[in-house]
Every structure is written in C-alpha cells, then in structure tokens.
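Chains as they are written, first to last, in the numbering used here: chain Y, 86 to 205; chain H, 86 to 205; chain P, 86 to 205; chain B, 86 to 205.
Be aware that one or more of the hints could be misleading.
Remember, identical chains collapse to one label, so a pair may be satisfied in a single copy or spanning two.
Derived DSS-like pairs: lysine-lysine, alpha-carbon spacing no greater than 25 Å straight-line [as the list claims (entries may be wrong)]:
no., residue 1, residue 2
1, K195, K181
2, K195, K99
3, K148, K99
4, K195, K184
5, K151, K195
6, K195, K153
7, K99, K153
Please keep in mind that the hints were generated in silico from the structure rather than gathered at the bench.
Protein chains: 4
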Amino acid sequence: MSVEIQNLQDLIEKLRAFAEERDWEQFHSPKNLSMALSAEVAEIVEHFQWLTEEQSFELAPDKLAKIKEEIGDVQIYLARLADKLGINLLEAAQEKLNKNAAKYPIDKAKGNAKKYTEME
Amino acid sequence: MSVEIQNLQDLIEKLRAFAEERDWEQFHSPKNLSMALSAEVAEIVEHFQWLTEEQSFELAPDKLAKIKEEIGDVQIYLARLADKLGINLLEAAQEKLNKNAAKYPIDKAKGNAKKYTEME
Amino acid sequence: MSVEIQNLQDLIEKLRAFAEERDWEQFHSPKNLSMALSAEVAEIVEHFQWLTEEQSFELAPDKLAKIKEEIGDVQIYLARLADKLGINLLEAAQEKLNKNAAKYPIDKAKGNAKKYTEME
Amino acid sequence: MSVEIQNLQDLIEKLRAFAEERDWEQFHSPKNLSMALSAEVAEIVEHFQWLTEEQSFELAPDKLAKIKEEIGDVQIYLARLADKLGINLLEAAQEKLNKNAAKYPIDKAKGNAKKYTEME
Numbered sequence: 086m087s088v089e090i091q092n093l094q095d096l097i098e099k100l101r102a103f104a105e106e107r108d109w110e111q112f113h114s115p116k117n118l119s120m121a122l123s124a125e126v127a128e129i130v131e132h133f134q135w136l137t138e139e140q141s142f143e144l145a146p147d148k149l150a151k152i153k154e155e156i157g158d159v160q161i162y163l164a165r166l167a168d169k170l171g172i173n174l175l176e177a178a179q180e181k182l183n184k185n186a187a188k189y190p191i192d193k194a195k196g197n198a199k200k201y202t203e204m205e
Numbered sequence: 086m087s088v089e090i091q092n093l094q095d096l097i098e099k100l101r102a103f104a105e106e107r108d109w110e111q112f113h114s115p116k117n118l119s120m121a122l123s124a125e126v127a128e129i130v131e132h133f134q135w136l137t138e139e140q141s142f143e144l145a146p147d148k149l150a151k152i153k154e155e156i157g158d159v160q161i162y163l164a165r166l167a168d169k170l171g172i173n174l175l176e177a178a179q180e181k182l183n184k185n186a187a188k189y190p191i192d193k194a195k196g197n198a199k200k201y202t203e204m205e
Numbered sequence: 086m087s088v089e090i091q092n093l094q095d096l097i098e099k100l101r102a103f104a105e106e107r108d109w110e111q112f113h114s115p116k117n118l119s120m121a122l123s124a125e126v127a128e129i130v131e132h133f134q135w136l137t138e139e140q141s142f143e144l145a146p147d148k149l150a151k152i153k154e155e156i157g158d159v160q161i162y163l164a165r166l167a168d169k170l171g172i173n174l175l176e177a178a179q180e181k182l183n184k185n186a187a188k189y190p191i192d193k194a195k196g197n198a199k200k201y202t203e204m205e
Numbered sequence: 086m087s088v089e090i091q092n093l094q095d096l097i098e099k100l101r102a103f104a105e106e107r108d109w110e111q112f113h114s115p116k117n118l119s120m121a122l123s124a125e126v127a128e129i130v131e132h133f134q135w136l137t138e139e140q141s142f143e144l145a146p147d148k149l150a151k152i153k154e155e156i157g158d159v160q161i162y163l164a165r166l167a168d169k170l171g172i173n174l175l176e177a178a179q180e181k182l183n184k185n186a187a188k189y190p191i192d193k194a195k196g197n198a199k200k201y202t203e204m205e
C-alpha cells in the first residue's frame, strides 16, 4: 500500500501525518530537524569525498541508488523543517533564485570563473 | 522581472537555465554540489546551535527571514544535485517515505521514544 | 603492535607515514579532506540529533564508545588537513582563543545569555 | 596579554576556564557542541567547494589565513566536546589509528585506489 506524492505540498502533508501517527512530533523541533538534515547531507558527501569531479558524474548503478535514497532523506527533512517553521519551501527557493539573479547579472557573471570561486 | 516557480520540476528547469546562462555548469559537478549543499545546511544549523529546542520554535521575524533564505539555498542546491545525477527528487522522497512506512509500522513506533532516539 | 601517540605533532607525523605507506596521499587533497572531516563530524551529530541536551550528557557506555571513535576520526582528519595546508594546529587554536578573548571580555560576556545565542 | 597553549591537554584546560569565566558552560551541552563543530567544519568546506583538488593545494595567503582560523575553531570545539564527554582526545585518535592500521594492512591497501574510493 504505497503512498504517492503529487507535489512538494503533498509531501509536506504526508510527512506531517506520518509523524503524527507515530507520535514523533515530539522529536521534531526545528533544532533537531536541522541536525538530522545535516547528518543526511553528510551521507551524500561521504559518497563523493574520495572521487574526482569527473568520477562524481559516472556513478555505478548501486551507488547511484544509495545516493537517491540519501537525497530522498534530505528532501524529507528539509520539507519537515520548513513545515515546522511555517516556511513555504518553493517560495523560499523562488525568492533566493530571484535574489541571486539580481546579484549575478548574466553579462557580468558569464565566464567569470574567478569570481565564482570566490563566491561563498 | 521576477521569476515565478510553479513546482519542483519548474525549479529544476529554471536553475538549469540560470547556470547555463552564466557558464556555471562547469562548477556544478555532483561532488562540488554536495559540498555546497552541506555548507548551506550548516548555515541553518548555526542559527539553532545555542538555542534550546523550545527557543527553536519561537524565532524572531528577522532570524526566521534569514533561515528562510538558507532553506531556499538548500532546496536550490538539492534540486541542482538531483538534476545533475538524473534523479527525480519527488520520486526519491516518495520512495524513502514508503520505505520508512514499512520499517516503522504505526503500532510499533507509536510512543516509542526510546526506539526513536536510537534510530540513526 | 600498537602505535603510541605522544602529542599532536606526533599524531600528524604518524598519519603522514600511514598515508604514505598505503599510497593514499593521492586522495588527500585539502578539498577531499574537508569533505571527509565534515562527514565524520556528521556521525557525531547523528548520535545527538534526537536527544535532549540533558540526555546528551548521560550517554550509555556503548554509545559513548562509538562517539569516542568518531571523535578520533575527526581529530585524525583535522590533523591531516592542517598538515596538508602547512598549518600548525595548536597555533591555530591558540590564535583563535586569543582572538575570542579580545572579542568577548569577561565582564561583558558574563551571564549574557542573550548575546551568546546571537553569536554565530 | 596573550595566552600560550603548550599542548592539547593545556588547550582543554584553557578552554574550560574560558567558558567558566564567561558563564558559558550552560550553552555547552554535548548536543550543542556537536552542532557548533559541524557549523565550523562547514566554513572550511565552503572555502573549497568550487575549487579543483589542485587549486585546493595552492591557496592565496589571505584565504589560507581564513582557513587557519576555521581550523582553530574546529580544534577548539572538538576539544570542548571531548572534555564535556570525558573523552581523552589524543587517546581517541590513537585508538582509531591503530584500528585503521589493523583494518587496512599496508600490503593490501597499497595502490588500491578502487578500494579506497569505496571506503566510507
């Protein structure tokens, strides 16, 4: 009896139900969720740490499958965190994208590798 | 001239265009993106590190606004990473949610705080 | 035939020999080591993510033993990274401690919880 | 009136005094310290995220100076965390190094890049 996820808002609602049904809301403070998020991201990093950039594009199917799972975990905790803080996740991404577009206009950014490597 | 993001797939496509227009694809290896993702998550963690769990629910508006920005960044890099690896982000979350549902059935998980704190 | 470590400098030298003997220097670029460092730290975070602050002081012996291993890993990668960059680890800590002492004089910092939670 | 740090144990004691004098012990639960540690490590990662491995060896002096500061921060929080948990930092590193030596004997590990990239 698998659940189907239609979109980001649907994911957020399904995750809320999932935590409530298991009495897990008590663990999901924003502080704790930020830690879980960072631990899951590190599992992605771990897969790439000894690979060259080139190798990181050419993953074996089993490795890619594992990374897909970790990426699913990160999306899940990110959605939970946003939900707990009352933040609209898509809106947050949209606002940041527009901010970046204003900060790095195409004509200035293009081909400017040096600038990019100094971005932080 | 702000961009509007309709859904996760739309975000992925807009981010692809954004990077291409600026010649930034050259920096976006999966390895590098995993690092950027982890650095952005840490900026969220930093906001919560000295707060109690209770305080992490009651953020001042300016702090919440900053965290919204960081959350936007995390969603952006996560979408970019999934795109570069050919991973469907929503599907990855859906598969993980179904896996978790099978692993933690409601009747066993409910109220089982001890079990939860040992989950990793 | 266990190795004994006398001090931080001794650790750095033993680690250098360890990597050289195994032909692993090729993997230990500062970039890669920063990733490994962050992945190891996340394993510590993972142990604490669902615990309250109080619980984080009262760990069961087997959990404490695991965390000791992770802490050993973090110290190892930190020492390797400093070595590769020609940075004296103890000096780096000393300089930062003195900088913090100047930035947070005792009379101003004392009991100033609010200030502290805004530090980043 | 700068403080001089003789060795790792000395660092731990100076840090303990530093926190006590400022009434900051209240913030330094192992949970919180693990978060601070991960946030500081991410600041190192951030410096390397868009660099190639080669570039990560050839840092400009000002960038290297910044990384030295972050490395100092990581050593400081790692020492604080070990202290709070009653863990001997050098012993933890020594035990892990011996464990690794048993796990990866020289003759098997040498030149075995494939094996290494699968290590996690």
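Results of checking the hints against the structure:
1. For the homomeric pair K195 and K181, the shortest alpha-carbon distance inside one copy (19 Å) is at most 25 Å, but the shortest distance between copies (38 Å) is not.
2. In this homomeric assembly, K195 and K99 come within 25 Å of each other (Cα to Cα) only across copies, at 17 Å, whereas the closest approach inside a single copy is 41 Å.
3. Taking the shortest alpha-carbon separations for K148 and K99, neither the intra-copy value of 28 Å nor the inter-copy value of 27 Å comes in at or below 25 Å.
4. Only within a single protomer do K195 and K184 lie at most 25 Å apart by alpha-carbon distance; the minimum there is 17 Å, versus 39 Å between protomers.
5. When the C-alpha separation of K151 and K195 is checked against a cutoff of 25 Å, the pair qualifies neither within a copy, at 34 Å, nor between copies, at 27 Å.
6. Within a single copy, K195 and K153 get their C-alpha atoms no closer than 31 Å, and across copies no closer than 28 Å, so neither meets the 25 Å cut-off.
7. With identical chains, the CA atoms of K99 and K153 are at most 25 Å apart both within one copy (20 Å) and between copies (22 Å).
In terms of the numbered hints stated before, the structure departs from hints 3, 5 and 6, listed from lowest to highest.
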